[in-house]
Amino acid sequence: MAFFSCKPNALPLIGCTLGFGTLLSAQIIARVGYDYVLIDMEHNPLSARESGLMAHVVIAASAGRCKSLIRIPSHGVEWIKWALDCGSHGILVPMVKNRNEMNAIVQSARYPPVGQRSFGPTMAAFADLDIDATNAKYFKETSNDVAVIPMIESIEGVENAEAICSVEGVTAVFIGPVDLRLSMGLPGGDGDEQIFLQALQKVLEICRALGRPVGTFASNGEGCRKRTVEGFDFILVPGEVALLAAGAQASLADCTKGARAGKL
Numbered sequence: 000m001a002f003f004s005c006k007p008n009a010l011p012l013i014g015c016t017l018g019f020g021t022l023l024s025a026q027i028i029a030r031v032g033y034d035y036v037l038i039d040m041e042h043n044p045l046s047a048r049e050s051g052l053m054a055h056v057v058i059a060a061s062a063g064r065c066k067s068l069i070r071i072p073s074h075g076v077e078w079i080k081w082a083l084d085c086g087s088h089g090i091l092v093p094m095v096k097n098r099n100e101m102n103a104i105v106q107s108a109r110y111p112p113v114g115q116r117s118f119g120p121t122m123a124a125f126a127d128l129d130i131d132a133t134n135a136k137y138f139k140e141t142s143n144d145v146a147v148i149p150m151i152e153s154i155e156g157v158e159n160a161e162a163i164c165s166v167e168g169v170t171a172v173f174i175g176p177v178d179l180r181l182s183m184g185l186p187g188g189d190g191d192e193q194i195f196l197q198a199l200q201k202v203l204e205i206c207r208a209l210g211r212p213v214g215t216f217a218s219n220g221e222g223c224r225k226r227t228v229e230g231f232d233f234i235l236v237p238g239e240v241a242l243l244a245a246g247a248q249a250s251l252a253d254c255t256k257g258a259r260a261g262k263l
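Okay, so the sequence shown: first residue is 0 according to numbering that gives the first Met the number 0, each after it adds one.
Worth double-checking, as some hints may not be accurate.
Mimicking SDA-like on lysine to any residue, the simulated pairs with C-alpha atoms at most 20 Å apart in a straight line are [said to hold, decoys possible]: (1) K139 x K96; (2) K139 x E155; (3) K225 x L10; (4) K96 x Q200; (5) K201 x E155; (6) K96 x S153; (7) K201 x G220; (8) K139 x P111; (9) K139 x P112; (10) K136 x A59; (11) K225 x G261; (12) K225 x Q248; (13) K139 x G184; (14) K201 x E229; (15) K225 x V177; (16) K201 x V240; (17) K96 x H42.
Label pairs and their calculated CB-CB ranges [stated by the list, open to error]: (18) E155 x F125: 54 to 60 Å; (19) A245 x G210: 33 to 39 Å; (20) D191 x E158: 30 to 36 Å.
Treat the hints as calculated values from the structure; they're not laboratory data.
Don't be surprised by glycine CBs; every beta carbon is placed ideally from N, CA and C.
Kindly generate the complete structure, drawing on both the sequences and the hints.
Printed below as a string of structure tokens:
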């Protein structure tokens, strides 16, 4: 069930955001070929039950090829428990700014002796393709591989990146470019400003030294090329809303072009 299996010289893992909350949409996206999906509870009003069921159908629809991560809305222990107990492959935790916050997150996300996660993964076995999966298997095996990923997306987070990333129990790190740039007084999700590029490089170098995979967002193919050159291991690309709008616009343009041709 391990999420990260990044190999030297391999392409970054590519993932898509799910926010609609519909199981059919989750099934469709899961079969496209993405390496993972990000079920986004932070910026969408998804319930814990909806997110858990979406994690299950992603696994089933993709026959395990597409992994499910849940971005929880805050650092709260209740969100961490619900997101992991449903059997997701891991969590993204927004706005982690210092070591103390990261320590508290790990305590809630890891079973002893690393943390103090409470036992009760009643839905986790149903996210396992093994028909004989049990809670005991989840506790002994699967839970060791769940991804606990802090999001570094502020100047303070960058300044404390080494302390955050070095906490035992951290699996990988995700740089949130839009909020990071906002904290720098910069617009948008990408740019060539030195302060921004230096922040990316700093976190990348820290994570390389610590052996932590690093992810971020890219809005298109050129963005993916840039982030790959820089050395990112996993990339989140536009999700359902953008895909639906782009697909509808392309279809409308194509059909309107055909209709006009029929009038000639």
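These are the hints, each one checked on the structure:
1. K139 x K96: violated (31 Å)
2. K139 x E155: violated (36 Å)
3. K225 x L10: holds (13 Å)
4. K96 x Q200: holds (18 Å)
5. K201 x E155: holds (13 Å)
6. K96 x S153: Within the cut-off at roughly 7 Å; holds.
7. K201 x G220: Since the Cα atoms of K201 and G220 sit roughly 24 Å apart, the hinted pair is violated (cutoff 20 Å).
8. K139 x P111: holds (11 Å)
9. K139 x P112: Distance of about 13 Å is within 20 Å: holds.
10. K136 x A59: Given pair K136, A59 holds - Cα atoms ~19 Å apart, limit 20 Å.
11. K225 x G261: Violated: K225 and G261 sit about 42 Å apart, past 20 Å.
12. K225 x Q248: Given that 20 Å is the threshold and the Cα spacing comes to 27 Å, the pair is violated.
13. K139 x G184: Status violated; Cα separation ~46 Å.
14. K201 x E229: Holds: K201 and E229 sit about 11 Å apart, inside 20 Å.
15. K225 x V177: At roughly 16 Å apart (the allowed maximum being 20 Å), V177 and K225 satisfy the hint.
16. K201 x V240: This hinted pair is violated, its Cα atoms lying about 32 Å apart.
17. K96 x H42: Since the Cα atoms of K96 and H42 sit roughly 19 Å apart, the hinted pair holds (cutoff 20 Å).
18. E155 x F125: 54 to 60 Å: Given a distance of about 39 Å, which is not inside 54 to 60 Å, the answer is violated.
19. A245 x G210: 33 to 39 Å: For A245 and G210 the Cβ distance comes to about 37 Å; the hint holds.
20. D191 x E158: 30 to 36 Å: violated (22 Å)
Hint compliance for this structure: hints 1, 2, 7, 11, 12, 13, 16, 18, 20 are broken, all remaining hints hold.
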